[in-house]
Amino acid sequence: MIKIAMYWGAGCGGCDVSLLGLHEKILDLLNEAEIVFWPCAMDFKYEDLEKMEDKSIDVAFYNGGIRTEENEEIAKLLRKKAKILVAYGSCATEGCVIGLANLYDKKDIFETVYLKNETTKNDEKIVPKEETDDLKLPEFLPYLKTLEQVVEVDASIPGCPPPMPVLEDALNALLQGKTKFGKEVALCDECPRKDTKPDKIEISRFYRWHEKEDNGDCFLAQNMICMGPATRAGCGGECISANIPCTGCMGPVPKVRNQGTSMLSAIASLIGEEIDEETEKEIINSIEDFAGTFYKFSTAKLLPEGRLKDES
Amino acid sequence: MARRIGVFICHCGINIAGVIDVEKVAEEMRKYPGVAFATTYQYMCSDPGQNLIREKIEEENLDAVVVAACSPSMHEETFRSVCKDYFSIYRCEMANIREQSSWVHDPEEATEKAIKLLKATVEKVRENEDFNPIMVPVERKCLVIGGGIAGIQAALDIADAGYKVILVEKEPSIGGRMAQLSETFPTLDCSQCILTPKMVMVSRHPNIKLLSYSEVIEISGFVGNFNVKILKNPRYVDEDKCTVCGDCEKVCPVIVPNEFEMKRAPRKAIFIPFPQAVPSTYTLDREACLGLAPLTCAECRDACEADAINYDMQAKVIEEKVGAIIVATGYDLYDKNKLVEYGYGDDDDIITSLEFERMLSASGPTGGKIIKPSTGEEPKKVVFIQCAGSRDVQHMPYCSSICCMYTAKHALLYKHNVHDGEAYIFYIDIRATGKGYEEFIARVMEEERINYIRGKVAKIFREGDKIVVYGIDTLTGKRVEIKADLVVLAMAIVGKKGTKDIAKLLKVAVDDGIFLKEAHPKLKPVEALSRGIYFAGCAQSPKDIPAVVAQASASASKVLSIISKDKLEKDPLIAVVDEEHCSGCGVCISVCPYEAMQRQPNGKAKCIEALCEGCGTCAASCPSGNIEMRNYKDEQIEKMIEVII
Amino acid sequence: MSFEPKIVAFLCNWCAYAGADMAGTSRLKYPANVVPIRVMCSGRIDAEFIIDAFEKGADGVFIGGCHPGDCHYVSGNYRARRRVEMVKKLLSQMGVNEKRLRIEWVSATEGKKFATVIEEFVDEIKKLGPSPWRK
Numbered sequence: 001m002i003k004i005a006m007y008w009g010a011g012c013g014g015c016d017v018s019l020l021g022l023h024e025k026i027l028d029l030l031n032e033a034e035i036v037f038w039p040c041a042m043d044f045k046y047e048d049l050e051k052m053e054d055k056s057i058d059v060a061f062y063n064g065g066i067r068t069e070e071n072e073e074i075a076k077l078l079r080k081k082a083k084i085l086v087a088y089g090s091c092a093t094e095g096c097v098i099g100l101a102n103l104y105d106k107k108d109i110f111e112t113v114y115l116k117n118e119t120t121k122n123d124e125k126i127v128p129k130e131e132t133d134d135l136k137l138p139e140f141l142p143y144l145k146t147l148e149q150v151v152e153v154d155a156s157i158p159g160c161p162p163p164m165p166v167l168e169d170a171l172n173a174l175l176q177g178k179t180k181f182g183k184e185v186a187l188c189d190e191c192p193r194k195d196t197k198p199d200k201i202e203i204s205r206f207y208r209w210h211e212k213e214d215n216g217d218c219f220l221a222q223n224m225i226c227m228g229p230a231t232r233a234g235c236g237g238e239c240i241s242a243n244i245p246c247t248g249c250m251g252p253v254p255k256v257r258n259q260g261t262s263m264l265s266a267i268a269s270l271i272g273e274e275i276d277e278e279t280e281k282e283i284i285n286s287i288e289d290f291a292g293t294f295y296k297f298s299t300a301k302l303l304p305e306g307r308l309k310d311e312s
Numbered sequence: 001m002a003r004r005i006g007v008f009i010c011h012c013g014i015n016i017a018g019v020i021d022v023e024k025v026a027e028e029m030r031k032y033p034g035v036a037f038a039t040t041y042q043y044m045c046s047d048p049g050q051n052l053i054r055e056k057i058e059e060e061n062l063d064a065v066v067v068a069a070c071s072p073s074m075h076e077e078t079f080r081s082v083c084k085d086y087f088s089i090y091r092c093e094m095a096n097i098r099e100q101s102s103w104v105h106d107p108e109e110a111t112e113k114a115i116k117l118l119k120a121t122v123e124k125v126r127e128n129e130d131f132n133p134i135m136v137p138v139e140r141k142c143l144v145i146g147g148g149i150a151g152i153q154a155a156l157d158i159a160d161a162g163y164k165v166i167l168v169e170k171e172p173s174i175g176g177r178m179a180q181l182s183e184t185f186p187t188l189d190c191s192q193c194i195l196t197p198k199m200v201m202v203s204r205h206p207n208i209k210l211l212s213y214s215e216v217i218e219i220s221g222f223v224g225n226f227n228v229k230i231l232k233n234p235r236y237v238d239e240d241k242c243t244v245c246g247d248c249e250k251v252c253p254v255i256v257p258n259e260f261e262m263k264r265a266p267r268k269a270i271f272i273p274f275p276q277a278v279p280s281t282y283t284l285d286r287e288a289c290l291g292l293a294p295l296t297c298a299e300c301r302d303a304c305e306a307d308a309i310n311y312d313m314q315a316k317v318i319e320e321k322v323g324a325i326i327v328a329t330g331y332d333l334y335d336k337n338k339l340v341e342y343g344y345g346d347d348d349d350i351i352t353s354l355e356f357e358r359m360l361s362a363s364g365p366t367g368g369k370i371i372k373p374s375t376g377e378e379p380k381k382v383v384f385i386q387c388a389g390s391r392d393v394q395h396m397p398y399c400s401s402i403c404c405m406y407t408a409k410h411a412l413l414y415k416h417n418v419h420d421g422e423a424y425i426f427y428i429d430i431r432a433t434g435k436g437y438e439e440f441i442a443r444v445m446e447e448e449r450i451n452y453i454r455g456k457v458a459k460i461f462r463e464g465d466k467i468v469v470y471g472i473d474t475l476t477g478k479r480v481e482i483k484a485d486l487v488v489l490a491m492a493i494v495g496k497k498g499t500k501d502i503a504k505l506l507k508v509a510v511d512d513g514i515f516l517k518e519a520h521p522k523l524k525p526v527e528a529l530s531r532g533i534y535f536a537g538c539a540q541s542p543k544d545i546p547a548v549v550a551q552a553s554a555s556a557s558k559v560l561s562i563i564s565k566d567k568l569e570k571d572p573l574i575a576v577v578d579e580e581h582c583s584g585c586g587v588c589i590s591v592c593p594y595e596a597m598q599r600q601p602n603g604k605a606k607c608i609e610a611l612c613e614g615c616g617t618c619a620a621s622c623p624s625g626n627i628e629m630r631n632y633k634d635e636q637i638e639k640m641i642e643v644i645i
Numbered sequence: 001m002s003f004e005p006k007i008v009a010f011l012c013n014w015c016a017y018a019g020a021d022m023a024g025t026s027r028l029k030y031p032a033n034v035v036p037i038r039v040m041c042s043g044r045i046d047a048e049f050i051i052d053a054f055e056k057g058a059d060g061v062f063i064g065g066c067h068p069g070d071c072h073y074v075s076g077n078y079r080a081r082r083r084v085e086m087v088k089k090l091l092s093q094m095g096v097n098e099k100r101l102r103i104e105w106v107s108a109t110e111g112k113k114f115a116t117v118i119e120e121f122v123d124e125i126k127k128l129g130p131s132p133w134r135k
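Protein chains in written order, with my numbering: chain A, 1 to 312; chain B, 1 to 645; chain C, 1 to 135.
Hints are computed from structural coordinates only; laboratory data are not their basis.
Hints should not be assumed to be uniformly reliable.
Claimed, not checked - Here are the simulated lysine to aspartate or glutamate pairs, EDC-like style, with alpha carbons at most 16 Å apart: (1) C/Lys56 - A/Glu305; (2) A/Lys309 - C/Asp123; (3) C/Lys29 - B/Asp106.
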């Protein structure tokens, strides 16, 4: 029996659920693998993990980012105990949506979440403390880190959460001890709208996907930003099938380091040739959130130590 | 991958070594990974310098070379040809430590920068790969667009060399502007007399296919292999059957202005622009004709004994393949209506230079007689105004080049016609730079007693039967007022209407939307930036007939250098798609300015070698990193960034 | 010691690089902080190169191309301008002063312009201080 572990770091929990999304196939998994640690599903204590022998876990999956001292501690512990440590899902791999928090300081985040947020009612202005008289809580780190930024990682399963075909493929490989898996092409290759691509794509303004009636064609051709061309294939275009442009959760193709700048270069280049400088600026300015558009899932990779601070 | 790189640092006398510590640079480079050898020399480009490189390649068993010297635009070719005997030319790169270092920086920083530039160049050459030029087959034929003197000369030169030419002319006859001129400066040759023999040669030349009354509507492909679509408009007269007897014209009831006569004379709906037209045939102007479908007149057909008129003639699209293209679309005069200050459009007696040319022509509307159009009388006082629309920031800022000369000719011919007449010429400067031109001007000024007034005309207006010209004589500072019978405007020359459309089809640039843009103003004056496309005549810039003819012959020789070969060499540093990993997103296809990126049936992109010019826009746009620019790979550039910082 | 910025310049072969040569031929002095990389067209400049240069420690990135309408490759300079404009937006969101990235059109004849814009740019970067990536 192969020993496996799963841990939930800073994340939404979707990754844990995605493992259950295997449905009956999870029984096949359990035929081959023994779960030695999965706090979300079963009662395990950290001390159980500490007591395990080093490298006694065959494959450890870590989902979520690293935002607290606790996350970091367990990441390091799992690294020690596991032969293969896998970043499971977008958060662990590249920081995901919560990585966008790296655009802000810790102080900003606390203020927004506990005080300023319009939907927050907090008249007493209670803000979590890391220390009380008799208790010390794990520190909320200054910025979010990916698993790889903390410990050495052997493999990554992309996706938010990893889509079923991707997960099955990854598990099959990992259970055989292989750490290379996944497709090496971008999403367009398997996009259900692939055949609707025109000869030339030209952008004359950007539409957000609620701003325009979808005619069923390639989203880029409809001047909606779709991250498909810069995003690794494997999901089969689940979002596209639901009439939503890809936002890039599968991360870049293996050849590309920076999914965001790659797509930004492509999108900038698609702005119509004949468009003058002023209109061009208007078109570009109509993208409100560059990081949120191009780095929705990988800001933590772009800003590994948080927001940069130019003196001026 | 090169592992034994030789670094050769040039002193360039004191140009480099006087500023940069070349020995320190060499010392530093000797320590750099991959550099097997580094030395300095007085003049690397000299014969001994080149021999030094040869020697060291052999002695040190080098497999790549970096020469740190002047700009690669100066000597890249020199050093690459040295290296060619040993390895691929792409294993030789230059570091520009003269123009971009020793000449612009102080010693210490220049030395530091030179080291960085060298390291970056070493990194580049290390990853350069060997490529052979791409061989592209050549269609050994040429397309000439425009049948004025430029197009005629170019077509004849190429045809005489034994190659096929397709000459396309939009008008019913070739001849262009030169056919409209009376006499040519400074020799006063009759323009038609020297032009028409060439026109006849065109029509008789076995290697020239003349398509008159036709337009180029589509161009695709690339040097050596252009595909051209030409629309041949129906002239409703069979060129081969027409005997030019003129019977049709006599019976035609429709009268319209004659374009050839600058609309100063009438013509019929069925017409021949001028008697010596080539092809020698009548043309039925569909727009002017009373009606072809349904047929409402048919007088001309009934009158035609040769049975040459065919109302059922249809427009035809002719497809041709050519290896090279010459654009010789000629010029128009600047729109006279825009010269409000000169009152054109409102007055019959203010005419343009080309209208005056037609008036001077023996075959023109007045039979060569100079008249005041409003009354038909002989004008006793004529004012010629140069730079009408030229050298004027409100109109055309450039000099139209030929107006000084033809205005002098106009004044002279006027004086020959009207002996007791007075001629005045307003000018800014006299530009008479051609052979015999200055002498001609002197002759006009002195012998013909033409009144040259240096200054601009501020206003022209009618007063009774006279045209009053207000101006200032800037030499005396006095105001001048002349009551003239006729005013002739030497209008600015602009690229022919339609040149822009042709330029768009060819994807060549047009300066400020007026003249075709050459590849280099000095060294490539007849070439377009895209290979295989050449310019001749006033479509490129205003010029006189000898300059046009010279440029036409120059273009022809450029064309011959292409179509005289079976195959062309092309730079192999192009884009290459990793087709296995291409997702078919189509971004590269959308951004390629040359349509070199094409979608294959499997949806993936492919770079057509012969079309790619190697700009790299596709590689920078590919969102999945699957396009590699040969020898400008991402990794190379990133490595260069690293060593620079 | 005063702050000497490190600046990477991407110069297109046909205009800006030739313009830099022209500055040399005209012996126009300008600061040596800028080290050029020659590319065939400014359209070759991937946004990735710009971010890469900053991540490697550049204090500024300069891109020189042909004037609008004059691109040797028809439209590469427009693509470059659009990428630069978008990268600037991203930079400022990241907390980086967008003035650290500059694109200029320099023709082969504009040696003076090349020297002037480089001088200006170096001054600008000196005022901004070291790149936040370097800290």
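Going down the list of hints, with the structure as the test:
1. C/Lys56 - A/Glu305: holds, 15 Å
2. A/Lys309 - C/Asp123: violated, 20 Å
3. C/Lys29 - B/Asp106: It holds: about 8 Å lies between the C-alpha atoms, which stays within 16 Å.
Of the numbered hints given earlier, the model fails hint 2 alone.
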